[in-house]
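Protein chains in written order, with the UniProt record's numbering: chain A, 1 to 356; chain B, 1 to 356.
Warning: the hint list may mix true and false statements.
Where chains are identical, the list cannot tell them apart; a pair therefore holds if satisfied intra-copy or between any two copies.
[Stated by the list, open to error] Cut-off 20 Å, straight-line C-alpha distance, at most; resulting in silico cross-link-like pairs (EDC-like, lysine to aspartate or glutamate):
#, residue 1, residue 2
1, Lys247, Glu200
2, Lys38, Asp176
3, Lys344, Asp230
4, Lys351, Asp40
5, Lys195, Glu33
6, Lys247, Asp196
It should be emphasised that the hints constitute simulated quantities derived from the structure, not laboratory data.
Number of protein chains: 2
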Amino acid sequence: MEIYAKVAVQGDAVRLLKTNKATKEEIDAAVKELLALKLDYKTLTGQEYKVGIPPTNSTPVNSNSLAVEEDDGDYVDPWTVQTSNAKGVDYDKLIVRFGSNKIDQELINRIEQATGQKAHHFLRRGIFFSHRDVHQILDAFETKKSFYLYTGRGPSSEAMHMGHLIPFIFTKWLQDVFDVPLVVQLTDDEKYLWKDITLEQAYKYTIENTKDIIACGFDVNKTFIFSDLDYIGQSPRFYQNVVKIQKHVTFNQVKGIFGFGDSDCIGKISFPAIQAAPSFSTSFPQIFNGQKDIQCLIPCAIDQDYSSGKLLTGELKKILIETLQPIIAAHQTRRKQVTDEMVKQFMTPRKLAFNF
Amino acid sequence: MEIYAKVAVQGDAVRLLKTNKATKEEIDAAVKELLALKLDYKTLTGQEYKVGIPPTNSTPVNSNSLAVEEDDGDYVDPWTVQTSNAKGVDYDKLIVRFGSNKIDQELINRIEQATGQKAHHFLRRGIFFSHRDVHQILDAFETKKSFYLYTGRGPSSEAMHMGHLIPFIFTKWLQDVFDVPLVVQLTDDEKYLWKDITLEQAYKYTIENTKDIIACGFDVNKTFIFSDLDYIGQSPRFYQNVVKIQKHVTFNQVKGIFGFGDSDCIGKISFPAIQAAPSFSTSFPQIFNGQKDIQCLIPCAIDQDYSSGKLLTGELKKILIETLQPIIAAHQTRRKQVTDEMVKQFMTPRKLAFNF
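Model the full assembly from the supplied sequences, consistent with the hints where possible.
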């Protein structure tokens, strides 16, 4: 119970600072502390912290990982999506467990109003079904404050399949309707750390995957695609943000979130900081001119598991193939038109078509 | 005993590969495996592996750290040097425990012969008393193969005292007599991670400490001084080497060597890779033109503890002060002549006066 009280008190402290219009640094520090306490709470109780609702069962979770298998047979962590349930993963339960929010009709209406555009069918059909703090981004957008998009890809092979492209197709739509900068991180360092490949292979996958991403139709004037192996060594600001994040995250915390153990290499253990750094606009001084307060929206897949395709009947499979084939063929055609020069342009650190 | 046999077998394997002139990659891989096994051996037995001498006592060491306090009351790890023995730390025992070698008269003679110079009094008087593989460096040097020097400094305050300067004074002598490139790493990222200071403060200490180092008289055409916070983000090759090292070191290993625990931040845990990277010449493509086989000699202090000064008698103290004061005054005079422009020159990644 002690940790529950700590989170509650810290939550009050943050609200008080905001009400009293404290400096950004003070509020940020308090929020950071709050998030750390919430994480401790989750690790200790196995439950999301909810205002006014003490933990229903204070028995500590024995597992190292937050990604616990529950009664429904679902198992989801950053690398695995499995279920023993014939109906598939229960994503509504997952939203509760991950502490995110459902994208409801109200939010979709608000997006349409803010952008003056019909919502993408991925939103209307619930393909993108969960979010965190999108209302906050829309608050800013409605008062003419810009934000930026950050998404990424772990380049684990030369070819990206349709499932890998879904987040990029949706991201392109977001970029079009909101008219904002986009940064795309290719985590070739991560793939080198996790897989039995060389740095050279990982970087080669980055270049091939970048072609697939460009072929989704991104505007070169609004998009920066980067390889970690290449860009981190070109940006002192990025590395400085990595070190800042690394200072404020303990091994206990990454153990809890990612399930790392003592025999994991130190590269894996510190990797979460590399993936967090792009969510700070100061990691891209060439784009944001050193501004610290640009919010970031991260479109990403809660999982990338399409293996349940094998459960489909032959008839449904046929329809799907007929529908998908022209989409894939069009993508392949566009991909062939992506030149090395275009790849270089997208991957050059530079100012984009926005003034920050 | 099993681990003892494993090390012995792997040692034979390495010798066999060398005899059969296997490829560099094969030998390197085998050596890496051997070193890992030796480390395991040390962790399990608390003893250095010695050919033909099985462990005298196979009881596992319970401590996480190799830096165990022994009967003599000495405690030495990378951050602490303490002894409860009135005679001070027994460095001969330390050499045995660290698995390094004593700098003996034979080695000093060989250095004088190779360089054609009288050995520095720090060598003759045993101030620098321990080494690893210096004979290997001399073998190369005698066949006209160059090497380079790498040393560093954790910038923890604005002023460096005499003790901090000793390794640099000796390094300058090495550079002069061997005529080789020198890289100096200022680990401001480390100090930020370990201490309660901001990135800006850490970087400020770097600049001030760099002035002290330059004042030791280093040749700007042969010396590259760098801040981690600055240079890592200017060198993709350096970052790529960091990732390579991070992949091959586990948390268990750094736990054993540095005594890290689960509540340490992930920055500390992965930091050893940052400090190891400069010992690979490919981390400095501007200096070594991408060459992989340049050996590196690392002059460094086995400790930096001068607190036993308080045990000196007043008379001895007086003599020391009289001897040191002119040295310090001369250094201060030179330091005042170090301009911002000079600092910038030393800290600019560039080709040095050597052709690789």
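Evaluated hints:
Taking the closest pair of Cα atoms, Lys247 and Glu200 come within 20 Å of each other only across two copies (15 Å); inside a single copy the shortest separation is 30 Å, beyond that limit. Taking the shortest Cα distances, Lys38 and Asp176 never come within 20 Å of each other, neither inside one copy (35 Å) nor across copies (57 Å). Taking the closest pair of Cα atoms, Lys344 and Asp230 come within 20 Å of each other only inside a single copy of the chain (12 Å); across copies the shortest separation is 25 Å, beyond that limit. For the identical chains of this complex, Lys351 and Asp40 are neighbours neither inside a copy (40 Å) nor across copies (49 Å), given an alpha-carbon limit of 20 Å.
Taking the shortest Cα distances, Lys195 and Glu33 sit within 20 Å of each other only across copies (18 Å), while inside one copy they are farther apart (34 Å). In this assembly of identical chains, Lys247 and Asp196 lie within 20 Å of each other by CA distance solely across copies; the values are 10 Å between and 29 Å within a copy.
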